[in-house]
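Chemist: Start from the sequences, fold in the hints, and give me the full structure.
Once you know that position 238 of the sequence shown is 238 in the numbering used here, the rest is easy, because the numbers rise by one and skip nothing.
No wet-lab data here; the hints were simulated from the structure.
Just to be clear, a hint being listed does not mean it is correct.
Stated by the list, open to error - Cross-link-like lysine-lysine pairs, in silico, DSSO-like; alpha carbons within 30 Å at most:
(1) K544 <-> K257
(2) K130 <-> K162
(3) K640 <-> K509
(4) K640 <-> K792
(5) K792 <-> K544
(6) K434 <-> K544
(7) K121 <-> K333
(8) K333 <-> K162
(9) K130 <-> K333
(10) K121 <-> K162
(11) K509 <-> K434
(12) K333 <-> K434
What the hints assert, rightly or not - Across the chosen pairs, the derived CB separations fall in these ranges:
(13) A467 <-> P682: 35 to 45 Å
(14) E641 <-> G571: 24 to 34 Å
(15) A511 <-> T612: 28 to 38 Å
(16) K714 <-> M546: 32 to 42 Å
C-beta: ideal position from N, C-alpha, C; glycine also.
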Amino acid sequence: MAAIMALGWPAYSLAYQPVDRSALLLTEGEPVDLRFHTGETDAVDDYHITDYDGRVVAEGRMPQAVQGELVLPLDLPAGYHEVVFTAQDGEQRIGLCSLPADDLASDGFLSIDAALSWLEKPEDQPDLIKGMRRLIGANGLARERLSWAGLNPAEERWDFSKNESVRRLYQENGIGVLEMFHDAPGRFGSAQQGKFPNDLIGVSISWSVVASRWQSLWAALEVWNEPDIGLGGNQPADQYVPLVKAIRYAMHSAGAKTPLGGGVFAAMNTNYLEQATLNGLLDECDFVSFHYYGNPLGLERLVGQYRSWLERAGHSGTPLWITEMGQARLGVKGVRPELTSQRETAMIYAMQAVEAKACGVARVFPFVYVDYSEHNGRRHYGMLDHDRSPLRVLAAVAEAGRALSGMEYIGDVPTSMIDGAARIRVFEAVPDSKTLLVALYTGRTAAGATVATPFSVQQVTGVDGRALNLDQGRVPVGDGLVYLRVARSDLNGILETPTEAMRLHRISKEAAAALPSVSSIVLQPQLDVDAMQAVSTRGYYLPKGMERLPVQMRVNNLGRESRTITVRAPGALEETIMIPAATCETIPMDIDLSVLMAGPAGDDRIIAFSATADNGERIGPASLTVIPSSNAEGIADHLKESAYQFQLAVGEDYRWETNTSGSMVFQHEAPAAWGFRVSFPPGVDRWAYPRFTLPQEVDQSRVTGVLLRARCLKPAVVRLMSWNSDGETSVTQFPVIPADGEWHTAYVPLASYQQFVTQKPGQQALSKLSVGLNSQSETNTLEISDLYVIGK
Numbered sequence: 001m002a003a004i005m006a007l008g009w010p011a012y013s014l015a016y017q018p019v020d021r022s023a024l025l026l027t028e029g030e031p032v033d034l035r036f037h038t039g040e041t042d043a044v045d046d047y048h049i050t051d052y053d054g055r056v057v058a059e060g061r062m063p064q065a066v067q068g069e070l071v072l073p074l075d076l077p078a079g080y081h082e083v084v085f086t087a088q089d090g091e092q093r094i095g096l097c098s099l100p101a102d103d104l105a106s107d108g109f110l111s112i113d114a115a116l117s118w119l120e121k122p123e124d125q126p127d128l129i130k131g132m133r134r135l136i137g138a139n140g141l142a143r144e145r146l147s148w149a150g151l152n153p154a155e156e157r158w159d160f161s162k163n164e165s166v167r168r169l170y171q172e173n174g175i176g177v178l179e180m181f182h183d184a185p186g187r188f189g190s191a192q193q194g195k196f197p198n199d200l201i202g203v204s205i206s207w208s209v210v211a212s213r214w215q216s217l218w219a220a221l222e223v224w225n226e227p228d229i230g231l232g233g234n235q236p237a238d239q240y241v242p243l244v245k246a247i248r249y250a251m252h253s254a255g256a257k258t259p260l261g262g263g264v265f266a267a268m269n270t271n272y273l274e275q276a277t278l279n280g281l282l283d284e285c286d287f288v289s290f291h292y293y294g295n296p297l298g299l300e301r302l303v304g305q306y307r308s309w310l311e312r313a314g315h316s317g318t319p320l321w322i323t324e325m326g327q328a329r330l331g332v333k334g335v336r337p338e339l340t341s342q343r344e345t346a347m348i349y350a351m352q353a354v355e356a357k358a359c360g361v362a363r364v365f366p367f368v369y370v371d372y373s374e375h376n377g378r379r380h381y382g383m384l385d386h387d388r389s390p391l392r393v394l395a396a397v398a399e400a401g402r403a404l405s406g407m408e409y410i411g412d413v414p415t416s417m418i419d420g421a422a423r424i425r426v427f428e429a430v431p432d433s434k435t436l437l438v439a440l441y442t443g444r445t446a447a448g449a450t451v452a453t454p455f456s457v458q459q460v461t462g463v464d465g466r467a468l469n470l471d472q473g474r475v476p477v478g479d480g481l482v483y484l485r486v487a488r489s490d491l492n493g494i495l496e497t498p499t500e501a502m503r504l505h506r507i508s509k510e511a512a513a514a515l516p517s518v519s520s521i522v523l524q525p526q527l528d529v530d531a532m533q534a535v536s537t538r539g540y541y542l543p544k545g546m547e548r549l550p551v552q553m554r555v556n557n558l559g560r561e562s563r564t565i566t567v568r569a570p571g572a573l574e575e576t577i578m579i580p581a582a583t584c585e586t587i588p589m590d591i592d593l594s595v596l597m598a599g600p601a602g603d604d605r606i607i608a609f610s611a612t613a614d615n616g617e618r619i620g621p622a623s624l625t626v627i628p629s630s631n632a633e634g635i636a637d638h639l640k641e642s643a644y645q646f647q648l649a650v651g652e653d654y655r656w657e658t659n660t661s662g663s664m665v666f667q668h669e670a671p672a673a674w675g676f677r678v679s680f681p682p683g684v685d686r687w688a689y690p691r692f693t694l695p696q697e698v699d700q701s702r703v704t705g706v707l708l709r710a711r712c713l714k715p716a717v718v719r720l721m722s723w724n725s726d727g728e729t730s731v732t733q734f735p736v737i738p739a740d741g742e743w744h745t746a747y748v749p750l751a752s753y754q755q756f757v758t759q760k761p762g763q764q765a766l767s768k769l770s771v772g773l774n775s776q777s778e779t780n781t782l783e784i785s786d787l788y789v790i791g792k
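Modeler: Set out below in C-alpha cells:
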C-alpha cells in the first residue's frame with residue numbers, strides 16, 4: 001500500500017446528515033430513533049429500507065422534520081441495511097449495521113487500520129471512534145499514523161497538539177493504538193541518500209521524549225511502513241534495521257514496555273528478509289508485521305513463507321500481524337460504490353480474516369476504516385463511504401471478528417465434498433465443544449446460489465451477520481462466504497486435520513524466543529553509494545574491477561557512558577575505538593572482497609560485521625550485501641538510469657499461477673529467485689507462460705518497461721507476455737533473451753510490444769506478467785533472478 005498522506009477533509013454531500021454517526025451501528029432487536037439534520041424544516045420525502053442483497057424490506061413516508069431535524073424510528077435484525085431517502089432530485093443512501101448485543105469480538109484478533117489522524121478532521125473523530133469500539137471489541141487495536149517530522153520539527157521544538165487529541169479519544173473509548181510512522185525530521189539527515197534518518201543519536205533522543213509522553217496511549221509500535229519498497233527508498237535492509245535498534249533503545253530508556261513490531265513488509269522479498277536477519281532484526285522485535293492485498297486463498301502460502309523465514313532465523317514462534325489487509329475496489333472517487341462491488345469486497349475482506357485466523361496470524365488490521373482513494377482516484381478503499389456511512393464491507397469485517405473471536409482452527413472439510421466450494425475451514429470455541437463453526441467459501445457472489453452439504457446444518461449466517469434460511473435443505477451461498485453452525489458429531493469422519501493451515505496454526509502457538517537485552521551500541525555500516533553501479537533492495541552493485549571495498553562503519557553509542565568498542569569483519573583489520581556517551585564515531589574499514597562468502601542468492605556476497613564492548617554488553621550484528629559486477633550483467637546500469645523502479649517479489653509463490661500446454665512445477669536453484677520446470681506430452685504445441693499478478697503498490701502510471709535477468713536451459717523462444725486489467729494480452733514477437741543456459745539481462749519497453757497504445761480510464765497496462773517460453777524440446781527449465789518494472 002502506498003503511503004497514506006494527510007488529505008484535505010472531504011465535504012459532506014448528503015442532504016440528510018446523521019446527528020451521531022456512531023448511531024449508524026445499531027443493536028439487533030433494540031428500537032432506536034435515528035436523528036438526521038435536514039437543513040429544511042418542511043422536508044417530507046419517501047424512504048425505504050433495503051437489506052444486504054438490496055431488497056426492499058420496509059418503506060414509508062418521512063415524518064415531518066422539526067427545526068431542521070428528522071427522527072426516523074428503526075428496529076432492525078442483525079445484518080447490513082440501507083435507508084434510502086427518495087426525492088425529486090434523486091436518492092440518498094445511508095448504510096446501517098445492526099450488530100448483536102453481545103460483544104464477542106474481544107480476543108484482539110480483529111483490529112482496524114483507522115488512519116483517523118491523517119484522514120479525518122478532529123470534529124468528526126469522536127463519533128467515528130465510538131463506532132469503532134463496537135466493531136473491534138475490548139481488545140482490538142486501531143492503527144494510527146504519526147508524522148514524526150511534524151511532531152518534532154526542531155531540536156527543542158515539539159508540537160503534540162495535532163496528534164495527541166485523537167490518541168486520547170482512543171484511550172477514553174477503551175481502544176489501544178498501534179502507532180506507525182514513515183518519515184523523519186530533516187535535521188537527522190538521510191542514510192546513504194535514502195529514506196531513513198542517518199543521525200541515530202538524534203533519533204534516540206527524540207523517540208525517548210515521544211515514548212515518555214505517549215507510552216500510556218500506545219498498545220504497540222511499528223517502526224516505519226513498507227521499508228522493503230518505495231517507502232524505504234529501494235535500499236537494502238542494512239539501513240532499516242539500525243533504525244529499529246535505535247528506537248528499541250529509546251523506548252527502553254524511556255521505561256516504555258510497548259511491544260515493538262518490525263518488518264512491516266509490503267512483499268515477500270526473500271533477499272530483503274535474509275538481509276534483515278543478518279542485521280539482527282528479529283532480535284529487536286516482539287512481533288513481525290506484513291501487508292496483504294491478494295486473493296484470500298493465497299494467504300496460507302504467504303504465511304508459510306514467513307514462518308519458514310522465521311524458523312531459519314531461530315524465531316519460529318514470533319507472532320505475525322497483518323497490519324494492512326484488504327483489496328482495492330473500482331469506482332469513482334466521491335461516489336458510493338455499486339452493490340456488486342460492495343458484495344465482492346465484503347466477501348474478500350471476510351475470507352482474508354478467516355484464512356488469517358486458520359493460519360495462526362495473531363492480529364489483522366483491515367485497510368482502511370474511512371474513505372480513501374489513491375493513484376489519482378483509480379483505487380478506492382474504506383469501510384465507510386465518502387459521507388462516513390457504513391458500506392457492506394464494514395458489516396462483513398465486524399461479523400468476521402465476532403464469529404472468529406475466541407475460536408481455534410481445528411481442520412478443513414474437503415472441498416471435494418461440496419460442489420462449488422473453494423475452501424471450508426472449521427473452528428471451535430473451546431476444546432471438544434459440541435457445536436463447530438464452519439466457514440464455507442465459494443469465492444463467487446451470486447444471488448440465489450445454494451449448495452448441498454454432506455452434513456446437517458443447524459444455523460446459517462451471512463457474511464454480514466444476518467440469519468439465512470436453508471432452501472429445501474440446501475445452504476444459501478450467494479454471499480460467497482457463509483458461516484455454518486454444525487454439530488461436532490456430524491463432522492465425524494469428515495474433518496481433515498493434517499492440513500498446511502494446521503501446521504502453521506500449531507507453530508503460532510509456540511512460545512516466542514525471548515529477545516536479548518537491549519543494546520546501547522548500534523552498528524551502522526555505510527558505503528559511498530555514488531561509487532556503486534546501482535543500489536536496490538537486493539543489495540549494492542559493485543563497479544567493475546573493484547577488489548577492495550571501503551566501508552564507513554558508524555558506531556553509535558546511544559547510552560549514558562563511554563564505551564570502548566572493537567569491530568571485526570572478514571577481509572579487514574580489526575578496529576578498536578573509544579566512543580563517548582551519546583556520540584557517533586566513524587571507523588574507516590577496507591574490505592578484501594576476495595575472501596567473502598557467497599550469500600543466499602548465490603551471486604551475491606555478504607560482509608558480516610560483529611563487535612564487542614569493554615563491558616561485555618551485547619551488540620547486534622550488521623551486514624552488507626554486495627553484488628560483483630560480473631554478476632550484475634546490465635541490471636545495475638538500467639536501475640541507475642531509472643527514475644522509477646519497483647522490484648517484483650517473484651518469490652511470493654501465491655502470486656504465480658500455472659499456464660501451460662504441458663505439466664509445470666515451480667522450482668529453482670540459486671542464484672534464481674524463482675523458476676519453473678515444464679514437460680510436454682508428444683504432439684502438443686509446447687508453450688509455458690505462468691502468470692504473475694503484480695502487487696497493487698506498483699505505480700502503473702510511471703512504468704515504461706520491464707527489466708529482467710533470466711536463463712533458459714534448453715532451446716526455446718523466451719518471450720515476455722502481459723495482461724492488462726481487462727484481461728487483454730500482449731506478447732513480444734521477439735525473444736527477450738537467448739535460450740543457451742546462461743544468465744542474460746534484458747530491458748523490454750512496454751511500447752515495443754504492447755498492443756494497447758491508448759488505455760481506457762482506470763485500466764492498468766500491467767495486471768499480470770509472464771516470462772515464458774515456446775520450447776523446442778519436450779522438457780525445459782526457465783529461472784529468474786531479478787524482475788523489475790521501471791520507469792526511464
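Chemist: Where does the structure disagree with the numbered hints, that is, which hint numbers, in rising order?
Modeler: 1, 3, 6, 12 and 13
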